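S.K.: In the order they appear, the protein sequences are chains H and F.
When the letters of the first sequence are read in order and numbered with my numbering, they come out as residues 118 to 370.
When the letters of the second sequence are read in order and numbered with my numbering, they come out as residues 4 to 349.
In case anyone wonders, no lab produced these hints; they're calculated from the structure.
Quick caveat, the model's predicted, so the values are computed rather than measured.
For every residue, glycine included, the Cβ atom is placed at its ideal position computed from N, Cα and C.
All the given hints hold, so there is nothing to weed out.
A few chain F residues facing chain H, derived, Cβ under 10 Å:
no. : residue
1   : Gln-92
2   : Gly-93
3   : Phe-95
4   : Pro-98
5   : Leu-234
6   : Leu-235
7   : Gln-236
8   : Glu-239
9   : Ala-242
10  : Ala-244
11  : Gly-246
12  : Arg-286
13  : Ser-292
Listed next, the stretches of chain H that the computed footprint assigns to chain F, with coverage defined by at least 3 CB atoms under 8 Å from CB atoms of chain F:
no. : segment
14  : 157–167
15  : 183–189
16  : 195–204
17  : 209–218
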Amino acid sequence: MLTLHQAGLTNTPAIAPLDGTIRPGELLAIVGPNGAGKSTLLSMLSGFRSAEQGELHLDGKPLRAWPITELANRRALVAQQELPGFDWQTNELLSLGSNPSKSLVAALLDDLDITHLAKRSVLSLSGGERQRVMIARGACQLLSRCSPTAKEGGILLLDEPTSALDIGQQQRLMRQLRSWATQHHMAIVCVLHDLNLASTYADRVWLLHQGQRIDHGLPNQVLNPATIAKIYAAELQRIEGGTHGKPLLALAP
Amino acid sequence: MIAILNAYRYRMLIPVNRTTRVLAGLTAALLLALVWAAASGALGISLWEVLRGQEDPFSVQVWWQLRLPRLLLGVAVGAMLAGSGAAMQGLFRNPLADPTLLGLASGAGLFVALWIVFFQDSGAGSLYGQFAAGFLGALCVCLIVFGIAKRQGGGSAAVMTLLLAGLAINTLAGAGGGVLAFIASDEQLRQLSLWGMGTLTNALWRTTALALVLIAAALWLLMRSARELDLLQLGEATAHAAGLDASRLKHRVVVATSLGVGLCVALTGVIGFLGLLVPHCLRLWLGPSHRLLLPASMLGGALLLVVADTLARTIAAPAEIPVGLLTSLLGGPYFLYLLMRRNRAC
Numbered sequence: 118m119l120t121l122h123q124a125g126l127t128n129t130p131a132i133a134p135l136d137g138t139i140r141p142g143e144l145l146a147i148v149g150p151n152g153a154g155k156s157t158l159l160s161m162l163s164g165f166r167s168a169e170q171g172e173l174h175l176d177g178k179p180l181r182a183w184p185i186t187e188l189a190n191r192r193a194l195v196a197q198q199e200l201p202g203f204d205w206q207t208n209e210l211l212s213l214g215s216n217p218s219k220s221l222v223a224a225l226l227d228d229l230d231i232t233h234l235a236k237r238s239v240l241s242l243s244g245g246e247r248q249r250v251m252i253a254r255g256a257c258q259l260l261s262r263c264s265p266t267a268k269e270g271g272i273l274l275l276d277e278p279t280s281a282l283d284i285g286q287q288q289r290l291m292r293q294l295r296s297w298a299t300q301h302h303m304a305i306v307c308v309l310h311d312l313n314l315a316s317t318y319a320d321r322v323w324l325l326h327q328g329q330r331i332d333h334g335l336p337n338q339v340l341n342p343a344t345i346a347k348i349y350a351a352e353l354q355r356i357e358g359g360t361h362g363k364p365l366l367a368l369a370p
Numbered sequence: 004m005i006a007i008l009n010a011y012r013y014r015m016l017i018p019v020n021r022t023t024r025v026l027a028g029l030t031a032a033l034l035l036a037l038v039w040a041a042a043s044g045a046l047g048i049s050l051w052e053v054l055r056g057q058e059d060p061f062s063v064q065v066w067w068q069l070r071l072p073r074l075l076l077g078v079a080v081g082a083m084l085a086g087s088g089a090a091m092q093g094l095f096r097n098p099l100a101d102p103t104l105l106g107l108a109s110g111a112g113l114f115v116a117l118w119i120v121f122f123q124d125s126g127a128g129s130l131y132g133q134f135a136a137g138f139l140g141a142l143c144v145c146l147i148v149f150g151i152a153k154r155q156g157g158g159s160a161a162v163m164t165l166l167l168a169g170l171a172i173n174t175l176a177g178a179g180g181g182v183l184a185f186i187a188s189d190e191q192l193r194q195l196s197l198w199g200m201g202t203l204t205n206a207l208w209r210t211t212a213l214a215l216v217l218i219a220a221a222l223w224l225l226m227r228s229a230r231e232l233d234l235l236q237l238g239e240a241t242a243h244a245a246g247l248d249a250s251r252l253k254h255r256v257v258v259a260t261s262l263g264v265g266l267c268v269a270l271t272g273v274i275g276f277l278g279l280l281v282p283h284c285l286r287l288w289l290g291p292s293h294r295l296l297l298p299a300s301m302l303g304g305a306l307l308l309v310v311a312d313t314l315a316r317t318i319a320a321p322a323e324i325p326v327g328l329l330t331s332l333l334g335g336p337y338f339l340y341l342l343m344r345r346n347r348a349c
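The shape of chain H in the complex, shown without the other chains (with noise of 0.2 Å):
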């Protein structure tokens, strides 16, 4: 469980301070529009960029208080569309970070769908290809790393995970995604862009606007026509009954 205690930054680019809890098996979306800070939010989410205000706790430990390499058993950052260094095979990426059993990997190859790419090399791939590798890896780290008796499964920070994917992947990866966090009761937070998918998927939204998250709650709360379009400068139009009741919101032409 993460807990955030009016942390925030006050180096370019700023968080204004929030409080917040991040608990196990819910899956969090964060979304805003471009420049919003949704990345600069998740890195400090990370611990990569220390709180400058306020504290952050993680199972009730200061976050900065925790070693580089335990933390690394409670949390991963899959990094927007980040090319990695050299060319990996498949196989060999999804183990940097982590020394995951054979049966581990092949799990998570078939949940996203990749156990095709096994022996390729990384770089060879599409974006989307290359993408799901990427998450894949970040799973590894964490359900290889966490103990198997711990309660939590750990902190999974996604950044942007479906951009390059077509409406078929996202669909099987926010599943995906809901699926892990109900079985081994990860933590899943996630930049989205698309706000149908946070509708769609996630069980709270952190909306943030000009590094401030505006507000939070649950998805049919927050996601409104009214401040969305004000907040991204763009026309909607809300469908109700989408899928399961909830809302859906389209662009007006």
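Got chain H sorted already, so can you dock chain F onto it with the hints?
M.R.: Only chain F this time, still in chain H's reference frame:
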């Protein structure tokens, strides 16, 4: 007892995995090359006769006092240059990083030349002063290059800037060397030009012994960084989340390469392209993991330098080609080829 011995023997005989196989193969090749190198030279000395004590005293003297330290220095310098090339390529996440290209070697060279011209006295400390100057020079360049790399962030623009910075440093050091040669006395000039071409000729036990110890320490530091260099390939933020303390890794690699390359330059002058050539070829063969690539590069670098030096000693015997010329003749075209291939890929 016999059972234990047998178990041990079979464990040694049956290669456990690919890593062991590759490293064992390279070690064997290096040993063969050493035997060949130990038996060749301007003076026809039979290795067998020397070891049996049947060779004439003069030849024995030449073998023990000149040839053997030279071989060992070749192994150490080759391993260091190629190992530091592999480590720097990992650190910059770029296959074109190399101690010569980035200007480390020429920076060290300039400092050594400064030392020779301005500070050297004929005392016993002079030798170690040269070591220290080489280390400082390499360290300065390393910090400059790092400052530039940090400001540039990642991406291909950063690579160009790094190579251009290396070019600028190389040019600057070259000009500085020219100025120094201009104001140097005849005796200093002779020393400068003997040392500057990149040759293992100056190997003496006195210098080689200390260099071996220090270079071994630097190599050990690099080897300890292998796993972390692998992690760094994920990008800094992701690697941090996977348990990497990137600044500690950078400090360690910078200190080790500066120490090692500085020493190599102080002893042998600039021997170019080894650090580019060896890791690059081995990476094509073995894949990018530093756990195998680093030790393999060290062995491969040692092998290449021992072979090149033996060729340099024997091709035009009794005259001797500076081995630095030979490696540059080999490495320069290969580097151009790499650049051309990269451009086509873009």
